[in-house]
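Student: Could you build all of it, start to finish, from the sequences and the hints given here?
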Amino acid sequence: MQIVLLTITIVLLAASQIVQKLAASQVNLDGSPGRTVVSMLTSVRFWIAAILLGTAMVTWLFTLTTAEVSKSYPILAMTFVLAAIASRMFLGETIGRYRWIGIALISAGAAAMMAAI
Amino acid sequence: MRASTATLFLIISVALSSAAQLLFRFVMQQFESSGLGLSSLIMTVATGLNVVDLTLLATGMVLYAFSMVSWVLALTRYDVSQAYPVMSISYVAVYFGAILLPGLNESISLPSLCGVALIVMGVIFIAHGNKSNNESDKVVSGDKATQA
Numbered sequence: 000m001q002i003v004l005l006t007i008t009i010v011l012l013a014a015s016q017i018v019q020k021l022a023a024s025q026v027n028l029d030g031s032p033g034r035t036v037v038s039m040l041t042s043v044r045f046w047i048a049a050i051l052l053g054t055a056m057v058t059w060l061f062t063l064t065t066a067e068v069s070k071s072y073p074i075l076a077m078t079f080v081l082a083a084i085a086s087r088m089f090l091g092e093t094i095g096r097y098r099w100i101g102i103a104l105i106s107a108g109a110a111a112m113m114a115a116i
Numbered sequence: 000m001r002a003s004t005a006t007l008f009l010i011i012s013v014a015l016s017s018a019a020q021l022l023f024r025f026v027m028q029q030f031e032s033s034g035l036g037l038s039s040l041i042m043t044v045a046t047g048l049n050v051v052d053l054t055l056l057a058t059g060m061v062l063y064a065f066s067m068v069s070w071v072l073a074l075t076r077y078d079v080s081q082a083y084p085v086m087s088i089s090y091v092a093v094y095f096g097a098i099l100l101p102g103l104n105e106s107i108s109l110p111s112l113c114g115v116a117l118i119v120m121g122v123i124f125i126a127h128g129n130k131s132n133n134e135s136d137k138v139v140s141g142d143k144a145t146q147a
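Residue numbers (numbering that gives the first Met the number 0), protein chains in the order written: chain H, 0 to 116; chain L, 0 to 147.
Rough simulated footprint, nothing fancy, chain L against chain H, three-plus residues with beta-carbon under 8 Å:
| no. | segment |
| --- | --- |
| 1 | 28-39 |
| 2 | 56-68 |
| 3 | 94-100 |
| 4 | 106-114 |
These aren't lab readings, by the way, just hints derived from the structure by calculation. These numbers were taken from a predicted model, which means no experiment stands behind them. C-beta atoms are modelled at their ideal positions from N, C-alpha and C, and glycine is treated no differently.
Tutor: The following block contains the structure:
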């Protein structure tokens, strides 16, 4: 159960990150700080990312009923792995040598955590 | 935004998100032994949360929201490749916080300790990879730094 909830949380977080990246292009950095905040809050992409994040928050809270936070919170770093692979598949981004090493390290770390959970 | 201001926002973001996670676990751990299926778990949590629990969860949500705002503000000045390694400190903070805090008392073990170390190193590599993959991003953020 906790593995399923944790996996759903990670998928939602990765989706939110990709939409956050799309939202960042709509933020106005050339005006005043107030204008920056307004441009962020009026971006539809910002709110889609927020909804994904909010849903992830709910599944994460349910994960924390049975999973220790010291073990499960670092596993959320698998979000980076998923986001990198998703951006390669859907956005045509390339994954360089260092990022493959990072992906391998996080996956190995997450596997060690899963065993200890 | 000045570099020192952005650094402060980054540190605030790490501290707030770490505190929020520890608070979330502190509230939710009371349902540890209850869950069999998801529907029974949802029912148990929905009926079991009292006013104090809900206040603590709401406090955690507010901390988390401020952490996110603080993070976005820091990113207006810093590259993701610079910011994420700092953010990965929260994995270490939550790991030791959950082990050391009396309200949580989680277990420490060699495999999980190695796991945290591997994950932090992995985040640093991924962030560094982003930097060297996106030369155009570096130029853009360089321009931003010049303006600030």
